[in-house]
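Chain order of the listed sequences is A and B. With my numbering, letter number 350 in the first sequence gets 350, and the count goes up by one each step, no holes. With my numbering, letter number 269 in the second sequence gets 269, and the count goes up by one each step, no holes.
The hints are simulated quantities; they were obtained by calculation from the structure and are not laboratory data. Treat the hints with caution; some may be incorrect.
Unchecked claim - Capping the alpha-carbon separation at 25 angstroms, the derived lysine to any residue pairs in SDA-like fashion look like this:
1) 97/A - 116/A
2) 213/A - 205/B
3) 182/A - 44/B
4) 257/A - 281/A
5) 67/B - 428/A
6) 257/A - 306/B
7) 178/B - 258/A
8) 257/A - 302/B
9) 285/A - 179/B
10) 203/B - 227/A
11) 295/A - 510/A
12) 426/A - 37/B
13) 369/A - 470/A
14) 535/A - 55/A
15) 302/B - 421/A
16) 67/B - 430/A
17) 67/B - 416/A
18) 103/A - 79/A
19) 178/B - 293/A
20) 282/A - 181/B
21) 367/A - 380/A
22) 203/B - 540/A
23) 458/A - 52/B
24) 67/B - 126/A
25) 426/A - 48/B
26) 426/A - 44/B
27) 208/A - 112/B
28) 163/A - 56/B
29) 67/B - 433/A
30) 208/A - 56/B
31) 58/B - 146/A
32) 395/A - 422/A
33) 521/A - 181/B
34) 257/A - 305/B
35) 58/B - 422/A
36) 58/B - 428/A
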Amino acid sequence: MRGKSLKAAVATAAVALIAAGCTSTPDAETPTDVGGELRIYASEPASLFPPMADDNPSIVIIRQLYKGLVEYDAKGAPVNVIADSITSTDNKVWTIKLKSGFKFTNDEAVTADSFIDAWNFTAYGPNAATNSYFLSSIAGYDELQATDPDGDGPKTAPEPAAKTLSGLKKLDDTSFEVTLKKPFSGFPAQVGYSGFFPVAKACLADVKGCTEKPIGNGPYKIEGSWEHNVQVKLSRNDAYTASKGKADTLTFKIYDKQETGYADFKAGELDIFESVPSAEVKAAKQQYGERFFQKPSNTFTYVGMPLNDARFQNKQIRQALSLAIDRQAIIDAVFDGRFSAAQGVVSPNFLGYRDGACPNCKYDPAKAKQVLEAAGGWKGGKITLWANAGAGHEKWMQAVGDGWKKDLGIDYELNTTLQFPEYLAKGDAHQFTGPFRLGWGPDYPWFETYLAPLYYTKGSSNASGYTNPAFDAAVDEGNAAKTQEEGVKAYQKAEDIIVDDLPVIPMWFGMVSDVYSENVKTFVFNPISGVEYDKIVLNPAK
Amino acid sequence: MGRYVIRRLLQFIPTVLGTLFLLHYLTSVGMQLTGNPVRALFGDRTPSPATVEAITRKLGLDDPCLKSPGNPCLELFWQRLGLAPRNGTFSGYLQGDFGTNLRFREVTDIVSTALPYTLKITLIAFLVEAIIGIIAGVLAGKRSGGFMDYVVKIGTVLVISVPVFVLGLLVQLFVSVKFGNWLRTQEWVPEVISRGLFGAAYKIDYPFASLVIPGVVLGLLGLAATARLTRTSVQENLRADFVRTARAKGLTGKRVIGVHTLRNSLIPVVTNLGLSVAVYLTGAIITEGIFNVPGVGNQIGKAIFQGESMVLIGITTMLVLAYLTITLLVDLLYAVLDPRIRYE
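All chains should be built: construct the whole structure from the sequences, respecting the hints.
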């Protein structure tokens, strides 16, 4: 142990020396801004290799290790980082120019190939990359997939027809061209997602090694390697040429249980704790005062409608059901106020959000009864409400059912017997026999992410089976729009259709509840990418 | 003795095979009934069938038998054992291939990083149980109805009646957070005590000190039983003829208790200690969870929750092997403690 702490001391001294060296350069930050060790609560990541990481614990760390073409400003708009420009005349063929000077930590330069190779790897079906789905809008994606010709039969899937995306074309070392299947105005926002980050050649040659010891191009680099279930330790990457990290080191301490992590925060072992356990929120608000941070997040919870069921095909029935839900009362009673009631189908943090966009989402029992009567009343018997087992959805789904019973006289029963995999598969196959709980998180800060996947005809996550040509046309119009304003207007038109038709009943958006320690001087939070650890300034050590 | 050991070792084979099959069958039925765990990786986002298929194939979960409820998937079992070829190659437990978790991390890698933590915590728990338990038992047994007897009797009832998950959380809140926070404000207390020993969770900077409290909580599980067993056994033997003889020969009290009585009282205690070690491995699921020790127990808990069948099979098989070895060692210890027992 003594040897270890000695090594740590030497390492800190070395980092301090490097940091001191930095401050003498003219463009450096004021010396008081930099330095210190930031200790962060984390969960075990699924992977630290961008093509394979689609879960929040992984993405949080990958954002410090890697940098993509763009990052997001406080309003959620994309700002170029590695990209010099991302331009298009028709929203379909995009030309991306890169800044030069960015390097991976193994000294390999970040070039057009770093992106093209990474995206080809992710898209190629047999690589089984979890982020594959995100590249499906690029031309040629389908040729990289192969399905088993006889399902579960003895034959195995053939090799895909192509190995590289036909929609990616290298122009020179610092520029490339991307052709999409369909015009999409949100492409520059989309590429800020970590599934689009560049990957070093050395990494693609040794995926396993690069998962354990990432070779990144971001503001921080890994110290040692990923210590599974214990910690991931990062130190500032001084070769990074854009805005440098503030803290000397970021230590992501991995906890299996939120409660344990919170106990450790209270014991002074952590500087930043994300998502305070629900039972502790009230106490934390009082105890930590200004150091308690709460803001609506982008996770969306809804109750889907099985539109292939004749009982739910009249939109007035769906409106009546939505009007009879007292969202705020459920949030207060069941969740201690930890959600923000949905006022539409897009997150309050997004460009184009409107307060009160959904008139049918306000609790109005009288109007609900009226609308139901106008629709000829409910003749469908008992409603079965679906939720997946063991995830704590019973209480609030019951509250929803109780509301319908009280205000509309509709009887209900709960079905929470299915485990998550089976539940999701049932949704994919449109087999629910009643309203069902599901959620959605945005993939990139663009209005469209809350619309097309969920409601577009045959949309990838359209579990209600909704189809409406007018809605599809409005989304297409937004995707082809020349300017952001025009796009937003078209998307809002599409949202208006959804909140009137209600293929899903919007429930609420999540709420971030973070606390930070006295060591933190400035806490920086981005509504899209969450806490920006590289920008957090620590108080000088006592 | 040698032949006995070999015979016992040979018995390991059917036991392990039986366990493997049971685990294989249960996890297969689990998948048949609850669906492909790969789909759950994506949550609300519906993946393309090609992606799900590619991942499922890479994980070796694409056998059609995993979709017909009740099917024992015998062929898959032989493949997993490494006795039947899979896509033309033999690759299974016999070849040292225990598969991967859903994120393609090898099970052998998961186990080998988790195991040292569990061994450490088990060792601490064992020492706590054996040393404190036996001493308390002897003190109580020496004078039946005496003060120590009552202390031990009441203390053990208290420990037995509090479930480990309650005890763990209470210790964490009062000892590690409240008392620990006070300690951390005191300048004279070295960090290894204030942050390590009395930390609320495992800390990599203090790899042994921060495991002491979780180890003690785990050891308390068996401590009460050990103390009570020792107490009754000592009380019984104190009335035995050979103890009276030893006393009559004028041996000191220490020698009478320490050598003559205790050694003969230890057989039930050793059996209990052996079983305790096995219980630790399961109790560790809760204790390691509470104190965030990245050991085997924690990994099992997670594997059950996430439907990681390969991880579950790998770790449980290892635990079965450990359990078999411990019981064999306990049986061999009988012969050391009681010369009348011989293994031919």
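Going through the hints against the structure:
1. 97/A - 116/A: 13 angstroms, holds
2. 213/A - 205/B: This hinted pair holds, its Cα atoms lying about 21 angstroms apart.
3. 182/A - 44/B: 24 angstroms, holds
4. 257/A - 281/A: The hint holds at about 16 angstroms.
5. 67/B - 428/A: 17 angstroms, holds
6. 257/A - 306/B: The hint holds at about 14 angstroms.
7. 178/B - 258/A: 18 angstroms, holds
8. 257/A - 302/B: 10 angstroms, holds
9. 285/A - 179/B: At roughly 23 angstroms apart (the allowed maximum being 25 angstroms), residue 179/B and residue 285/A satisfy the hint.
10. 203/B - 227/A: Measuring from Cα to Cα gives roughly 12 angstroms; hence the hint holds.
11. 295/A - 510/A: 9 angstroms, holds
12. 426/A - 37/B: Holds, at roughly 13 angstroms.
13. 369/A - 470/A: Roughly 28 angstroms separates the two Cα atoms, so the pair is violated.
14. 535/A - 55/A: 22 angstroms, holds
15. 302/B - 421/A: 16 angstroms, holds
16. 67/B - 430/A: It holds: about 19 angstroms lies between the C-alpha atoms, which stays within 25 angstroms.
17. 67/B - 416/A: Holds, at about 22 angstroms.
18. 103/A - 79/A: Status holds; Cα separation ~19 angstroms.
19. 178/B - 293/A: 24 angstroms, holds
20. 282/A - 181/B: Roughly 21 angstroms between the alpha carbons, so the hint for residue 282/A and residue 181/B holds.
21. 367/A - 380/A: Within the cut-off at roughly 20 angstroms; holds.
22. 203/B - 540/A: 24 angstroms, holds
23. 458/A - 52/B: 18 angstroms, holds
24. 67/B - 126/A: 22 angstroms, holds
25. 426/A - 48/B: OK: residue 426/A and residue 48/B at ~15 angstroms, within 25 angstroms.
26. 426/A - 44/B: 12 angstroms, holds
27. 208/A - 112/B: Since the Cα atoms of residue 208/A and residue 112/B sit roughly 17 angstroms apart, the hinted pair holds (cutoff 25 angstroms).
28. 163/A - 56/B: Holds, because 20 angstroms separates the two Cα atoms, which is no more than 25 angstroms.
29. 67/B - 433/A: 22 angstroms, holds
30. 208/A - 56/B: 18 angstroms, holds
31. 58/B - 146/A: The given pair, whose Cα atoms are some 14 angstroms apart, holds under the 25 angstroms limit.
32. 395/A - 422/A: 21 angstroms, holds
33. 521/A - 181/B: 22 angstroms, holds
34. 257/A - 305/B: With a Cα-Cα distance of about 13 angstroms, the restraint between residue 257/A and residue 305/B holds, given a limit of 25 angstroms.
35. 58/B - 422/A: 20 angstroms, holds
36. 58/B - 428/A: Since the Cα atoms of residue 58/B and residue 428/A sit roughly 22 angstroms apart, the hinted pair holds (cutoff 25 angstroms).
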